[in-house]
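Build the full structure now, drawing on both the sequences and the hints.
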Amino acid sequence: MTVLNKREFLIVATGAAAAAIAGLPSIALGAEKAEMRVAEFLGGATASEGGLSLEMPEIAENGNTVPLTVRVDGEATADRYAESVLILADGNPEPGVATFHFTPLSGTQEASTRMRLAKTQNVIAVAKMNDGSFMRTDNLVKVTIGGCGG
Amino acid sequence: MSKPRVKIPKSAAAGEIITIKTLITHKMESGQRKDKQGNPIPRMIINSFECTFNGERVFGCDMEPAISANPYLQFTARVPESGEFEFVWKDDEGSVFSTKKKIKVA
Amino acid sequence: MMFDVSIGKLGRWATAAVLLGGLAAQPALAGDMKTYPAPEGHPLSEIISGYEFRTPETQALQDDDFENPAFLWVDQGEELWNTADGTAGKACADCHGNASESMKMVGATFPKWDAKNNRPVNIELQINQCRTEQMGADAWKYESSEMIGMTSFVRTQSRGEPVNVDFSEGDMEAWKAKGKDLYYTRFGQLDLACSNCHEDNYGNQIRSDLLSQGQSNGFPTYRLKWQGVGTLHRRFKGCMDQVRAKPYKRGSDEFLALEVYLAYRGVGLPVEAPALRN
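Protein chains in written order, with the working numbering: chain F, 1 to 150; chain H, 151 to 256; chain C, 257 to 534.
Keep in mind that the hints are not guaranteed to be accurate.
As the list claims (entries may be wrong) - Here are some of the chain C residues that sit facing chain F, going by a computed Cβ distance under 10 Å:
1. T314
2. A316
3. E323
4. D465
5. W482
Calculated directly from the structure, the hints in this document are not laboratory data.
Backbone N, C-alpha and C fix where the C-beta goes; we use that ideal spot for every residue, glycine too.
In structure tokens:
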């Protein structure tokens with residue numbers, strides 16, 4: 001259970017939680033931890049935008065099970081494929097969600113799973129290609145009922 | 151514990167890209183919860199998944215506690231020839247769950 | 257305001273708002289709901305499955321049998337169906353053969369009058385009756401994974417069949433009447449009856465949940481909140497907990513009576529088990 005600050009408590013008590021928390025900045029701690037994971041994954045390189053996308057519901061009915069699809073554009077081939085795609089949720093107590101590993105045998109560079117989101121937050125994906133280049137995308141998901149323990 | 155569920159087509163054309171869906175029963179205890187006495191419930195999750203085809207890696211996934219209970223994974227595979235897929239899940243206690251599926255290339 | 261409350265109740269309602277999280281503004285769900293004509297004498301003119309009240313993403317999890325995690329339990333049930341247990345050394349399949357034929361109507365016609373015991377029996381209680389009397393095996397706990405798996409497997413055989421419970425047998429009408437009484441009884445600190453939420457306010461938001469008619473056609477159901485499949489009586493318990501009432505026991509006469517009455521409120525709805533809800 002997270003300790004709520006005064007403003008969040010008021011929001012919960014007045015019952016406008018879902019609508020209002022969406023407008024709050026994410027709690028710094030989670031976001032900081034997430035950026036540390038990103039930095040570690042990048043190992044000093046920089047990530048470009050584009051070529052990588054995340055597909056998620058705009059509003060998740062229950063944070064226990066939020067469907068997620070990661071897609072790197074183009075087929076996976078021996079010449080070009082995403083070795084690892086790191087997925088982070090910056091508003092969870094621990095930001096890590098999963099790391100997908102594609103290979104030339106993967107065919108596409110698209111995979112789906114279901115994740116827990118404690119509240120409305122950003123989901124971040126960073127892809128590391130086999131040539132050492134990186135891509136990144138950030139997407140906001142609104143959560144109406146938070147996933148327990150996640 | 152029931153068996154993992156894996157869905158793949160029975161046959162494919164050479165070089166075809168097929169979709170694979172997998173599901174396994176697991177509570178994915180996140181390590182963030184407390185029991186009724188207020189003691190933390192230790193983390194116990196499936197932390198890795200691997201899919202190979204005729205021994206070669208197709209797709210892998212490292213999972214963290216934010217993966218939902220009864221983990222679902224969907225991905226694709228290019229099928230160069232007839233053969234066998236193997237799917238392996240491992241959890242924090244070292245348990246290994248695995249299943250195999252054959253596919254025919256016409 | 258969601259509930260039609262008098263001024264005198266506002267104090268209590270304010271408590272309810274805090275406990276339940278109150279009203280949350282959320283865009284209305286898109287798309288028309290599929291409705292079915294209500295049976296004669298029903299308080300509503302049309303009946304609607306809980307499926308229709310869920311978001312497209314939650315519905316999608318139910319639409320594909322493979323993506324629906326409830327099938328992990330159905331698979332377990334199927335395995336147990338074919339596994340011998342108890343002193344008679346028999347499996348369900350030894351007496352009932354192929355479930356897709358022998359169990360086809362069970363999910364749509366239960367709870368059913370049990371003349372031998374002079375009371376209604378639901379699927380869970382029938383399974384335990386077979387285990388103890390036919391197989392010489394121990395009864396399963398009401399909410400055990402074996403019981404949920406078997407109930408899910410049995411009821412899934414009736415998918416698509418309209419609910420068609422026979423109330424003319426034995427004292428079914430009396431049990432239905434008892435269930436109806438309970439349905440309209442206000443419970444708990446919040447002083448709310450099932451009807452206040454599921455009859456007066458379906459289609460409205462409570463907390464950030466869209467209230468349905470509280471139908472039973474989808475049970476056993478995988479709930480995202482539970483992260484697993486649960487019985488109808490577990491859902492009843494949850495609804496009673498929500499209004500801060502002391503719930504009846506799973507498998508109790510009270511919950512059985514409610515189950516009989518809910519079956520009546522959903523006569524004609526297709527069986528959806530194992531459904532997926534939030």
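Here is how each hint holds up against the structure:
At about 5 Å, the closest approach between the beta carbon of T314(C) and any beta carbon in chain F falls short of 10 Å, and the interface hint on this residue holds. For the restraint placing A316(C) at the interface with chain F, the shortest Cβ-Cβ distance is roughly 8 Å, inside the 10 Å limit, so the hint holds. Below 10 Å, beta-carbon pairs count as interface contacts, and E323(C) has one with chain F at about 9 Å; its hint therefore holds. With its C-beta approaching chain F no nearer than about 7 Å, D465(C) sits inside the 10 Å limit, and its interface hint holds.
Using the Cβ-Cβ criterion of 10 Å, the hint placing W482(C) at the interface with chain F is satisfied: the shortest such distance is roughly 9 Å.
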